[in-house]
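Chemist: Sequence order for the protein chains is A, B and C.
Sequential numbering of the first sequence, starting at 1, is according to the working numbering.
Sequential numbering of the second sequence, starting at 1, is according to the working numbering.
Sequential numbering of the third sequence, starting at 1, is according to the working numbering.
Rather than coming from a laboratory, the hints here were simulated on the basis of the structure.
There could be a bad hint or two in this list.
As a list, the in silico DSS-like pairs of lysine-lysine whose alpha-carbon atoms are at most 30 Å apart [said to hold, decoys possible]: (1) 154/C <-> 243/C; (2) 96/B <-> 223/C; (3) 27/C <-> 243/A; (4) 65/A <-> 121/A; (5) 265/C <-> 65/B.
From the derived model, a few chain C residues whose C-beta atoms are all more than 12 Å from chain A [stated by the list, open to error]: (6) 21; (7) 78; (8) 137; (9) 176; (10) 190; (11) 244; (12) 245; (13) 282; (14) 289.
Ranges between beta-carbon positions, derived for each pair [to be verified]: (15) 70/C <-> 101/A: 27 to 35 Å; (16) 155/C <-> 179/A: 45 to 53 Å; (17) 36/C <-> 257/B: 41 to 49 Å; (18) 95/A <-> 60/C: 52 to 60 Å; (19) 67/B <-> 14/C: 35 to 43 Å.
Just so it is clear, CB atoms sit at the ideal spot from N, CA and C, and this is done for glycine as well.
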Amino acid sequence: MRITGTFLDEITHDIPSQNWGEKEWRKEFGLYREVGIDTVVIIRAGYRDRCVFPSKTVPGALPVKDDLAAMFLDLAEEYGQSLFFGTYDSGDHWMKGDWKKETEVNKAFVDEVASRYGEKKAFAGWYMCHETARNHLNITDLFNAIGGHCKAAKDVPVLISPFPMGEKQAGKENAVPLSTTFKEWDEIFGASSGVIDICAFQDGQIHYHELPEFHAGVSALTKKHGVTLWANVESFDRDMPIKFPPVDWRNLRMKLEEAGKVAEKVITFEFAHFMSPHSVWPAAHNLFRQYCEEFVIEL
Amino acid sequence: MRITGTFLDEITHDIPSQNWGEKEWRKEFGLYREVGIDTVVIIRAGYRDRCVFPSKTVPGALPVKDDLAAMFLDLAEEYGQSLFFGTYDSGDHWMKGDWKKETEVNKAFVDEVASRYGEKKAFAGWYMCHETARNHLNITDLFNAIGGHCKAAKDVPVLISPFPMGEKQAGKENAVPLSTTFKEWDEIFGASSGVIDICAFQDGQIHYHELPEFHAGVSALTKKHGVTLWANVESFDRDMPIKFPPVDWRNLRMKLEEAGKVAEKVITFEFAHFMSPHSVWPAAHNLFRQYCEEFVIEL
Amino acid sequence: MRITGTFLDEITHDIPSQNWGEKEWRKEFGLYREVGIDTVVIIRAGYRDRCVFPSKTVPGALPVKDDLAAMFLDLAEEYGQSLFFGTYDSGDHWMKGDWKKETEVNKAFVDEVASRYGEKKAFAGWYMCHETARNHLNITDLFNAIGGHCKAAKDVPVLISPFPMGEKQAGKENAVPLSTTFKEWDEIFGASSGVIDICAFQDGQIHYHELPEFHAGVSALTKKHGVTLWANVESFDRDMPIKFPPVDWRNLRMKLEEAGKVAEKVITFEFAHFMSPHSVWPAAHNLFRQYCEEFVIEL
Numbered sequence: 001m002r003i004t005g006t007f008l009d010e011i012t013h014d015i016p017s018q019n020w021g022e023k024e025w026r027k028e029f030g031l032y033r034e035v036g037i038d039t040v041v042i043i044r045a046g047y048r049d050r051c052v053f054p055s056k057t058v059p060g061a062l063p064v065k066d067d068l069a070a071m072f073l074d075l076a077e078e079y080g081q082s083l084f085f086g087t088y089d090s091g092d093h094w095m096k097g098d099w100k101k102e103t104e105v106n107k108a109f110v111d112e113v114a115s116r117y118g119e120k121k122a123f124a125g126w127y128m129c130h131e132t133a134r135n136h137l138n139i140t141d142l143f144n145a146i147g148g149h150c151k152a153a154k155d156v157p158v159l160i161s162p163f164p165m166g167e168k169q170a171g172k173e174n175a176v177p178l179s180t181t182f183k184e185w186d187e188i189f190g191a192s193s194g195v196i197d198i199c200a201f202q203d204g205q206i207h208y209h210e211l212p213e214f215h216a217g218v219s220a221l222t223k224k225h226g227v228t229l230w231a232n233v234e235s236f237d238r239d240m241p242i243k244f245p246p247v248d249w250r251n252l253r254m255k256l257e258e259a260g261k262v263a264e265k266v267i268t269f270e271f272a273h274f275m276s277p278h279s280v281w282p283a284a285h286n287l288f289r290q291y292c293e294e295f296v297i298e299l
Numbered sequence: 001m002r003i004t005g006t007f008l009d010e011i012t013h014d015i016p017s018q019n020w021g022e023k024e025w026r027k028e029f030g031l032y033r034e035v036g037i038d039t040v041v042i043i044r045a046g047y048r049d050r051c052v053f054p055s056k057t058v059p060g061a062l063p064v065k066d067d068l069a070a071m072f073l074d075l076a077e078e079y080g081q082s083l084f085f086g087t088y089d090s091g092d093h094w095m096k097g098d099w100k101k102e103t104e105v106n107k108a109f110v111d112e113v114a115s116r117y118g119e120k121k122a123f124a125g126w127y128m129c130h131e132t133a134r135n136h137l138n139i140t141d142l143f144n145a146i147g148g149h150c151k152a153a154k155d156v157p158v159l160i161s162p163f164p165m166g167e168k169q170a171g172k173e174n175a176v177p178l179s180t181t182f183k184e185w186d187e188i189f190g191a192s193s194g195v196i197d198i199c200a201f202q203d204g205q206i207h208y209h210e211l212p213e214f215h216a217g218v219s220a221l222t223k224k225h226g227v228t229l230w231a232n233v234e235s236f237d238r239d240m241p242i243k244f245p246p247v248d249w250r251n252l253r254m255k256l257e258e259a260g261k262v263a264e265k266v267i268t269f270e271f272a273h274f275m276s277p278h279s280v281w282p283a284a285h286n287l288f289r290q291y292c293e294e295f296v297i298e299l
Numbered sequence: 001m002r003i004t005g006t007f008l009d010e011i012t013h014d015i016p017s018q019n020w021g022e023k024e025w026r027k028e029f030g031l032y033r034e035v036g037i038d039t040v041v042i043i044r045a046g047y048r049d050r051c052v053f054p055s056k057t058v059p060g061a062l063p064v065k066d067d068l069a070a071m072f073l074d075l076a077e078e079y080g081q082s083l084f085f086g087t088y089d090s091g092d093h094w095m096k097g098d099w100k101k102e103t104e105v106n107k108a109f110v111d112e113v114a115s116r117y118g119e120k121k122a123f124a125g126w127y128m129c130h131e132t133a134r135n136h137l138n139i140t141d142l143f144n145a146i147g148g149h150c151k152a153a154k155d156v157p158v159l160i161s162p163f164p165m166g167e168k169q170a171g172k173e174n175a176v177p178l179s180t181t182f183k184e185w186d187e188i189f190g191a192s193s194g195v196i197d198i199c200a201f202q203d204g205q206i207h208y209h210e211l212p213e214f215h216a217g218v219s220a221l222t223k224k225h226g227v228t229l230w231a232n233v234e235s236f237d238r239d240m241p242i243k244f245p246p247v248d249w250r251n252l253r254m255k256l257e258e259a260g261k262v263a264e265k266v267i268t269f270e271f272a273h274f275m276s277p278h279s280v281w282p283a284a285h286n287l288f289r290q291y292c293e294e295f296v297i298e299l
């Protein structure tokens, strides 16, 4: 199954900036149309004191000169992509269990976003950016409050992209078995019914041999709860000393095959850094060629 | 405020080598002239058992075949830059508080440098390379002894580039408040009067929201002590897992604005790796384009 | 002394993938012929659950679509290189001292390799891939059992590439003195007589000033035991925060000079990532130019 969606990571959390301007992004969105990427997801629109647009609601926001949100929405409209708009992550309150404070800031932020960009034609969904692995930190309260507010502000689907706490993420000691992951996500989906429309689990934290069991499990869960299942097939490698290089093509191909067995759609974190012929990583250029060859994409 | 100076980092301490030869450096110095860089600073001429020229005074020096010091001085003369010559860092004695041993080696080293290169036209200053954040390790004794000897060997200005022990450097637990930084640098400047002519504090260890207070503080201090204030606006990012990638343009722009409010001149660590269109980092090429666009530099 | 051999690292253990396909490898092997590289070494053909060909003997192997072993052997034949075929590393049993389990899997693996590729013209040797620094973990039992089986399956020379447990590998606390390294390798060579034909010690774990003593020591040892001495002059830097960038040319030149005093042949880990003009690391392109200039190689 081909990749038809990608995250956009311009509040760079742990991925170094490519320093692209409007010209580079235009070329990239044009490429997305050519290779069949019809969906883009702003992974977060605000993070701590940063924002992709000049926000009035991000507490203590640093000065922002560029409106990347408008740029992404306009490019998506021009090149035919649907855009999911990321919410705000304080990197703080919710991680300490204070879902109420996190929700409060997010409600104002979501209102600001809806007011600034709600009429943009490409605005097709929300991406609820609080990534979690477990049923903890009052995460269902957070999902219900923020997701509900998103839908009230603009009634479009809500997407999340959680992850299993596999060994590549947590180490051998702290990894959570898949059975526990399934149990807790059964609880989470049950407790946040109607708020989460689409779920695209990340696939890079577990070992490759766990992929079949993992995909089968989340497929059963999302069917049970009426959630649309996408897959976030990561295009970087997590098991290298360099954090993070473009994925080995052999790994990506294997992961795409596994995800394609159950997911309605495959998106990736993320095309621009790790798979694009425009990437600052030369290995991404080679990955792109291999990917295009496999799926007989001619440019 | 534009960047008009850059460090040259050819005793690569924690930055991988670009493997440039004379041809690449010539192209780079030519570029510096075009973009208004009139000052280059050899960040250290000797480090542990390495040296940028075949030294007779570096203890236990490994064999050196190339005289990069002569090359840099000649290129600077040819392309109109002033060069500040870095001293020697044992990476050892002074860090254990033995400023006398560090001084002893440096005196011989400085004499050797003055004897080899003192007549070069581009030789415009000394860079005292012992970077410190605190008033500790007998740092003022070290500054007075080495800085004094530099001036005696060749009477040109002495530059230093210290740093505040901010959270990005020391972590939350060990970070030093700005108020303490100001207090200790008041002591240091007071105790090394006449030896330090120019001070360019590094700006990457503290959080962005601390920049205004930081720049105002060091501006007041240097005014009080009659020290010329430059700023070392770092062109790499310190908060990424990869140590270190080219800075996000949005961060650099913000930092240039803040530094430009107080500094007489902005230099950077360092142009060749992180901002140059000739860099081995493709993100540096994009950064350079954004920088040129902002300052309407046409090549 | 020029580099005339290189490892091939396509079970990427800690080096990010370049995502080369057959086209890129063909170009690379063609280059090897032009620059005098007559020997290629598959560093390991199987690792944990991965393999460079679709193996039936690697326990729990993940699906493999490409036969890189056949590709490397065919390219080596076409471009005139001798190929040393890497064995299997479980990354597990032998590290826990269970050399018998490691041997059992390797015997089946070696038989499979001999059966699949034994007739290939470029197949000129085995590379026994269990890298060790010490005489521990029953390493001589492992060498004798696997090396002996290799020779029985196809009687060609066996190469190993061990390393001294220097400070750059083990840190100051756990580093092993060179004298101990020599003593233990005297034991190992003595106990595995007739099984190890060629030994190419890695040269990147010790400090540069230790190189003369190191090379002299291993030269004496291999002479004593009738083992052919090659050198694995590493083309990456081990002392940078980024693990691992292309080596600084000044370091490579110094290391080549030292190794050339005793080794019959110099190979490197590894050309494709760290020295090739086709590498994803731009610093490798510059390194290649400097290397060619030094040895007057014109392409």
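Chemist: Evaluate each hint against the coordinates.
Modeler: Quick rundown of the hints versus the structure:
A threshold of 30 Å between alpha carbons decides the hint, and for residue 154/C with residue 243/C the separation of about 36 Å lies outside it, so the pair is violated. Only pairs whose Cα atoms come within 30 Å are accepted, and residue 96/B paired with residue 223/C is rejected, the gap being roughly 44 Å. As the CA atoms of residue 27/C and residue 243/A are separated by approximately 29 Å, the hinted pair is consistent with the 30 Å bound. A C-alpha spacing of about 23 Å is found between residue 65/A and residue 121/A, which places the hinted pair at or below 30 Å, so the restraint holds.
Distance hint between residue 265/C and residue 65/B is fulfilled; the C-alpha atoms sit about 24 Å from each other, no more than 30 Å. Taking the minimum C-beta to C-beta distance to chain A, about 6 Å, the non-interface status of residue 21/C is violated against the 12 Å cut. For residue 78/C, the shortest C-beta to C-beta distance to chain A comes to about 22 Å, beyond the 12 Å cut-off, and the non-interface label holds. Residue-level check passed: residue 137/C sits 21 Å from the nearest beta carbon of chain A, beyond 12 Å.
Under the 12 Å C-beta cut-off, the non-interface status given to residue 176/C relative to chain A holds; the minimum distance is some 23 Å. In this structure residue 190/C is separated from chain A by more than 12 Å, as the shortest Cβ-Cβ distance comes to about 36 Å. Against chain A, the non-interface label of residue 244/C is violated: not every CB pair exceeds 12 Å, the least being about 8 Å. For residue 245/C, the requirement that its beta carbon stay farther than 12 Å from each beta carbon of chain A is not met, with the minimum near 9 Å.
The Cβ of residue 282/C sits about 8 Å from the closest Cβ of chain A, inside the 12 Å cut-off, so the non-interface label is violated. With a least CB separation of 17 Å from chain A, residue 289/C remains clear of the 12 Å interface cut-off, as annotated. The hint said 27 to 35 Å for the Cβ distance between residue 70/C and residue 101/A, and at roughly 60 Å that hint is violated. The given range of 45 to 53 Å is respected by residue 155/C and residue 179/A, whose C-beta atoms sit roughly 51 Å from each other.
Distance hint check: the CB atoms of residue 36/C and residue 257/B are about 54 Å apart, inconsistent with the given range 41 to 49 Å. The supplied range of 52 to 60 Å is broken by residue 95/A and residue 60/C, whose beta-carbon atoms lie about 37 Å from each other. As the Cβ distance of residue 67/B to residue 14/C is approximately 36 Å, the hint placing it in 35 to 43 Å holds.
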